[in-house]
Amino acid sequence: MELSVDPAAATPPYEQIRAQIAERARSGELPTGLKLPTVRALAERLGLAAGTVARAYRELEADGVVETHGRRGTLIAATGDTGHRLAAAAAAEYAERARRLGVPEADALEAVRTALRLAYQEE
Numbered sequence: 000m001e002l003s004v005d006p007a008a009a010t011p012p013y014e015q016i017r018a019q020i021a022e023r024a025r026s027g028e029l030p031t032g033l034k035l036p037t038v039r040a041l042a043e044r045l046g047l048a049a050g051t052v053a054r055a056y057r058e059l060e061a062d063g064v065v066e067t068h069g070r071r072g073t074l075i076a077a078t079g080d081t082g083h084r085l086a087a088a089a090a091a092e093y094a095e096r097a098r099r100l101g102v103p104e105a106d107a108l109e110a111v112r113t114a115l116r117l118a119y120q121e122e
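Every letter in the sequence shown is one number past the one before it in numbering that gives the first Met the number 0, and letter 38, counting from 1, is 37.
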C-alpha cells in the first residue's frame with residue numbers, strides 16, 4: 000500500500016493518511032480484510048511520528064473504515080451486514096494463513112473454490 004504525505008500541504012499529515020486510506024477502501028482498491036501496516040512501520044515508511052499515524056488509524060476506526068483486532072492488527076472493515084463482515088474476516092484469516100504456509104496464491108484460491116462448491120452443494 001503506497002501512501003504519500005505532503006509536509007507543505009495545509010492539510011495535516013494524519014488527515015492526508017486518513018483520507019487516502021478511506022478513499023481507497025471505499026473504491027475497493029483496499030479490499031475488505033486487508034491488513035494495514037503497523038503504526039510504527041507506516042510511520043517509518045512515511046518519515047512521520049508514530050502518533051501521527053496512530054491518530055489517522057483511530058479516526059479511520061471511528062468512521063468504521065478499519066477495525067483493530069489486537070495482535071491481528073488493523074484491517075479494512077467490511078461494509079454491509081454481519082454475515083458479510085464475518086465472511087470477510089474469515090477470508091482474510093485464511094489468506095494470511097495460506098501465505099504463511101507458503102501455499103501459492105493460485106492453489107489457495109482453488110482450495111477456496113472447491114470448499115465453496117462443496118458447501119453450497121449441501122444446501
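Be aware that a few hints might be false.
[To be verified] Each pair of labels, with its calculated beta carbon distance range:
1. P11 - T67: 18 to 24 angstroms
2. A105 - R39: 17 to 23 angstroms
3. Y119 - D5: 47 to 53 angstroms
4. E14 - A114: 19 to 25 angstroms
5. L108 - P11: 36 to 42 angstroms
Please keep in mind that the hints were generated in silico from the structure rather than gathered at the bench. Using N, Cα and C, we set each Cβ at its ideal position, and we do this for glycine too.
Against the structure, the hints come out as follows:
1. Between P11 and T67 the CB atoms are about 21 angstroms apart, so this pair conforms to the stated range of 18 to 24 angstroms.
2. Here the CB-CB span from A105 to R39 is close to 33 angstroms, at odds with the stated 17 to 23 angstroms.
3. At about 48 angstroms, the CB distance of Y119 to D5 agrees with the hint of 47 to 53 angstroms.
4. E14 and A114 have their C-beta atoms about 41 angstroms apart, which leaves the hinted 19 to 25 angstroms range violated.
5. At about 40 angstroms, the beta-carbon gap between L108 and P11 stays in the expected band of 36 to 42 angstroms.
Against the hints set out earlier in the document, violations occur for numbers 2 and 4.
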